[in-house]
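Number of protein chains: 2
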Amino acid sequence: MNSITGVSLIGFAKGQEGGGARPYDPSKRAFFGPEFAWARPEEVANALQKAQDAAPIWATLGHKPKADFLRLIAQGIEDNAARIIELATRETALPSGRIQGEIGRTTGQLRFFAKLVEEGWWRDVRIDHSDPSRKPVPKPDVRSMLVPLGPVVVFSSSNFPLAFSVAGGDTASAFAAGCPVIVKAHQGHLATSECVGNIIVEAVRQSGLPEGSFSLLFGPGRSVGTALVTHPTIQAVGFTGSRSGGRALMDAAAARPRPIPVYAEMGSINPMVILPGALTDRSQLLAAGLAGSVTLGNGQFCTNPGLILLEAGPQTDTFLQQLGSELAKVAPGAMLTESICHEFLGGLSKFTELPEIAVHTKVEATPGQVGPILLTTSGQDFLAQPALLEELFGPATVAVLCNGIEEITKVVLALDGQLTGTIHASPADYEQVKTLYPILAGKVGRLVHNGFPTGVEVCHAMNHGGPYPASADGRSTSVGSRAITRFSRPLCWQNTPEFLLPEELKESNPLGLLRLVNGTWNKDLPE
Amino acid sequence: MNSITGVSLIGFAKGQEGGGARPYDPSKRAFFGPEFAWARPEEVANALQKAQDAAPIWATLGHKPKADFLRLIAQGIEDNAARIIELATRETALPSGRIQGEIGRTTGQLRFFAKLVEEGWWRDVRIDHSDPSRKPVPKPDVRSMLVPLGPVVVFSSSNFPLAFSVAGGDTASAFAAGCPVIVKAHQGHLATSECVGNIIVEAVRQSGLPEGSFSLLFGPGRSVGTALVTHPTIQAVGFTGSRSGGRALMDAAAARPRPIPVYAEMGSINPMVILPGALTDRSQLLAAGLAGSVTLGNGQFCTNPGLILLEAGPQTDTFLQQLGSELAKVAPGAMLTESICHEFLGGLSKFTELPEIAVHTKVEATPGQVGPILLTTSGQDFLAQPALLEELFGPATVAVLCNGIEEITKVVLALDGQLTGTIHASPADYEQVKTLYPILAGKVGRLVHNGFPTGVEVCHAMNHGGPYPASADGRSTSVGSRAITRFSRPLCWQNTPEFLLPEELKESNPLGLLRLVNGTWNKDLPE
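Chains as they are written, first to last, in the numbering used here: chain A, 5 to 531; chain B, 5 to 531.
Note that these hints are calculated values from the structure, not bench results.
A portion of the hints provided could be inaccurate.
If several chains are the same, the list does not tell them apart, and a pair holds so long as it fits within one copy or across any two.
Unchecked claim - Straight-line C-alpha distance at most 27 Å; calculated DSS-like pairs for lysine-lysine: (1) Lys139 to Lys119; (2) Lys143 to Lys119; (3) Lys438 to Lys143; (4) Lys333 to Lys139; (5) Lys68 to Lys438; (6) Lys527 to Lys510; (7) Lys527 to Lys68; (8) Lys119 to Lys527; (9) Lys438 to Lys414; (10) Lys438 to Lys510.
Quick caveat, the model's predicted, so the values are computed rather than measured.
Construct all of the structure, not just a fragment, from the sequences and the given hints.
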């Protein structure tokens with residue numbers, strides 16, 4: 005099943021061949037494999053129609069077939085791991101250990117959502133019983149729970165060819181909520197996308213689910229992507245990528261006759277405050293840890309720490325020397341795509357041309373590769389130069405040397421919304437931390453204490469999202485179990501007879517769910 | 005405290021006098037009382053600055069002072085009930101029994117949210133413990149809960165001068181989430197708004213809360229409203245009103261440099277299907293119940309049943325006669341405002357001029373008043389005439405006589421998103437009901453069985469909201485405990501020491517909250 009043919013997958017049908025672009029190997033700077041065909045308008049229309057037809061079946065799909073389907077995808081990915089590693093390493097220049105890790109994360113996410121679907125508490129079931137004798141009017145029986153929104157479009161990311169791509173977090177959470185999914189593949193890993201897409205199509209077949217449960221379309225965001233997002237069939241959008249790309253989708257979705265939610269995860273500069281006590285206690289350890297976080301995956305993480313806030317002084321100068329030395333140990337490498345490389349080098353040039361910026365450490369690289377870079381500026385200069393609020397997506401970080409905690413606070417207050425904010429502190433710093441914590445909290449989706457923001461744990465408590473422009477919508481997360489609520493809405497049943505209620509809402513609680521009944525959570529459930 | 009002066013309340017300060025409009029008595033068709041001053045740009049800016057200053061205090065406000073504050077407002081409304089009834093009946097032409105009922109609902113809502121705040125489970129606390137020995141990387145400690153978005157603007161409704169107005173559901177749920185609130189008063193009940201606004205200001209004072217916790221601004225939506233919604237301080241918007249007004253706010257909010265959510269509840273036509281078996285069993289009862297629902301509050305409810313779908317035939321003809329007779333018993337009355345009356349009569353003219361529409365029953369009214377109206381059309385004509393999808397906000401309903409259940413289904417599929425959808429059925433209809441239920445479910449926020457959609461129960465399970473254009477955002481409700489989530493977002497703490505964690509997240513669970521710990525809901529809580 006998994007030969008690469010270069011065509012879109014429109015339900016169980018294949019798109020026409022020819023006319024797009026070939027997969028690219030950024031390490032060798034060479035194309036390989038067959039030409040991928042961009043989805044034609046009628047193919048996009050077919051995928052939409054099939055998703056529309058599948059939606060009512062998905063809306064009432066039981067938790068067991070849904071969970072089985074998610075596990076079948078995970079199994080398919082594991083069965084094809086060797087092939088996926090071969091394709092993904094070639095297309096992204098990421099090492100095989102990283103792709104292996106991402107396979108684990110992707111299959112873990114699928115099984116995490118399968119378990120969530122089986123447990124069922126995500127439905128947020130609420131029941132208020134009737135009181136026919138209430139005056140002046142009888143109280144009705146009211147029950148509600150979350151139900152799926154309908155067909156969803158997922159735009160794959162560049163930097164997670166598996167975990168935020170065809171069978172990644174957005175797709176898993178949309179399926180878990182009960183939504184058919186159309187994926188718009190990222191141009192940076194076409195062959196990997198087709199390989200994983202075939203695995204999902206096969207899982208749809210084996211599960212006996214409707215054909216329109218899943219489609220995978222290749223093509224430019226501007227044509228194929230826009231056609232999907234503006235189509236009335238689509239009820240929500242998941243996206244991971246650049247701010248300009250995400251904002252364009254937000255604007256298109258908001259301008260529809262019937263607006264729909266866009267969950268765009270657009271990255272950020274992830275400020276990190278390192279307080280003096282922490283430097284006194286563990287300067288070298290912090291330098292090594294930070295260098296590792298800045299250069300992980302060649303800096304191509306949306307949680308990459310791009311802004312380090314420090315109090316100016318000799319201790320900080322020593323730390324920067326240590327950080328520079330650690331960064332200099334990291335070998336340059338190819339980036340995920342030519343255009344990401346181009347963007348990074350362009351952004352870097354803009355930064356280094358600013359009079360406010362000094363280059364502290366720069367690892368030279370051959371053309372097609374990039375090496376780690378440490379830039380510095382002062383708190384005052386940072387506050388005067390709004391261009392420094394932009395993200396440099398790559399192995400670069402900017403150290404801001406501030407005039408005491410007051411200026412650090414001013415810089416934090418000047419920042420846009422962020423995915424994460426980190427504080428490194430020792431007990432000597434705790435008074436300052438107490439002041440800084442609530443200020444940083446207002447800017448971020450996740451506070452990290454004495455750690456590094458890269459490496460997003462997939463768990464119930466995780467929040468991966470933050471105030472705009474980190475995310476389109478800081479009210480939601482793209483990682484963890486809360487992600488399922490992005491693709492669902494409450495629906496209420498009033499005075500509905502038992503036989504018409506879904507299992508989740510029946511009086512006898514046949515699924516044994518945690519439910520809010522007359523204002524009290526039922527806690528006497530079987531384990 | 006509660007003399008009416010006609011000025012905006014900007015925290016503890018008063019706006020300048022003069023220059024706007026006087027309260028209007030729609031029954032007497034006459035102005036009364038002092039001139040209300042429209043808030044000047046510098047007053048709007050002051051209210052925003054005060055809200056901004058109050059937000060950090062509200063962000064970490066404990067549940068006890070928050071709940072006490074909400075109860076103090078409720079108490080203040082009860083203490084001033086006589087005055088409120090006097091002003092509100094005069095400004096809205098609604099009878100005193102209705103205003104008395106709305107006082108009960110409004111104070112009930114405030115106390116409902118006070119209890120929710122004390123119970124604390126709305127925080128959705130999730131904790132995943134660390135595992136330092138995990139390979140290849142240690143697992144961090146991750147904790148998260150919902151936190152407030154920040155300052156919120158609430159646009160009062162015309163038709164609920166208390167329950168969806170200054171101290172109504174949007175205000176109560178925003179305060180409960182921890183957000184300062186600026187209310188833009190509705191022009192239809194200026195004096196009532198000032199009276200209730202003074203009660204809230206007094207509660208802010210008595211509670212020792214910051215001045216910017218609450219402001220009340222008078223003025224046109226186009227100037228004062230737009231200035232608020234487009235200001236960077238504002239983080240979310242609540243609105244109840246017309247589709248054009250709601251959509252304008254949605255568009256303004258989406259076009260901001262930093263977009264924000266708008267929760268606009270814009271009403272709908274609330275389709276009701278009456279199946280043949282139900283008509284056979286209880287035609288006269290249904291006619292009386294439906295007439296009551298259509299004319300409740302002179303038809304000025306967003307859940308008013310404006311579209312009745314029936315199978316054509318002699319039984320339905322009899323039912324329409326019965327319905328017409330019941331409607332004819334209802335006396336005409338003044339509407340809430342002159343402009344609502346004007347809109348209703350204009351919309352009605354457009355409908356009755358359509359060749360597809362026949363007037364079945366029309367209660368004649370004197371100028372300034374409106375009487376109940378029953379219009380009819382066929383299923384085929386309805387499907388051919390998109391103008392009939394518009395809401396007639398008033399005591400009117402359109403009966404659509406369909407050619408069997410297939411045509412009823414087609415009409416349902418042609419509808420826009422709705423707040424509610426109702427089915428009246430007897431056991432003889434159950435096969436048809438099973439088919440109709442999921443189709444109607446896809447269009448609505450609330451399914452009503454053998455009942456009437458007017459009368460929205462304030463309870464945990466209620467959903468008052470529906471797919472666009474019923475609401476801006478079908479993922480949320482403006483009634484019931486889920487409303488608190490509209491004004492909150494998840495925030496995550498990673499590896500944070502206990503002393504920096506909020507009470508809700510501390511390991512010892514000092515508040516005794518229901519929490520998701522390592523994937524399991526802790527059910528062994530004290531009652």
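Going through the hints against the structure:
1. Lys139 to Lys119: Classified as between: cross-chain Cα gap 23 Å, same-chain 44 Å, threshold 27 Å.
2. Lys143 to Lys119: Cα proximity of Lys143 and Lys119: across copies only (20 Å, versus 36 Å in one copy).
3. Lys438 to Lys143: between (48 Å within a copy, 25 Å between copies)
4. Lys333 to Lys139: between (77 Å within a copy, 24 Å between copies)
5. Lys68 to Lys438: between (47 Å within a copy, 22 Å between copies)
6. Lys527 to Lys510: Classified as both; 17 Å inside a copy, 21 Å across copies.
7. Lys527 to Lys68: both (23 Å within a copy, 25 Å between copies)
8. Lys119 to Lys527: both (20 Å within a copy, 19 Å between copies)
9. Lys438 to Lys414: Within one copy only: 16 Å inside a chain, 61 Å across chains, cut-off 27 Å.
10. Lys438 to Lys510: The answer is between: 16 Å across copies meets 27 Å, while 48 Å in one copy does not.
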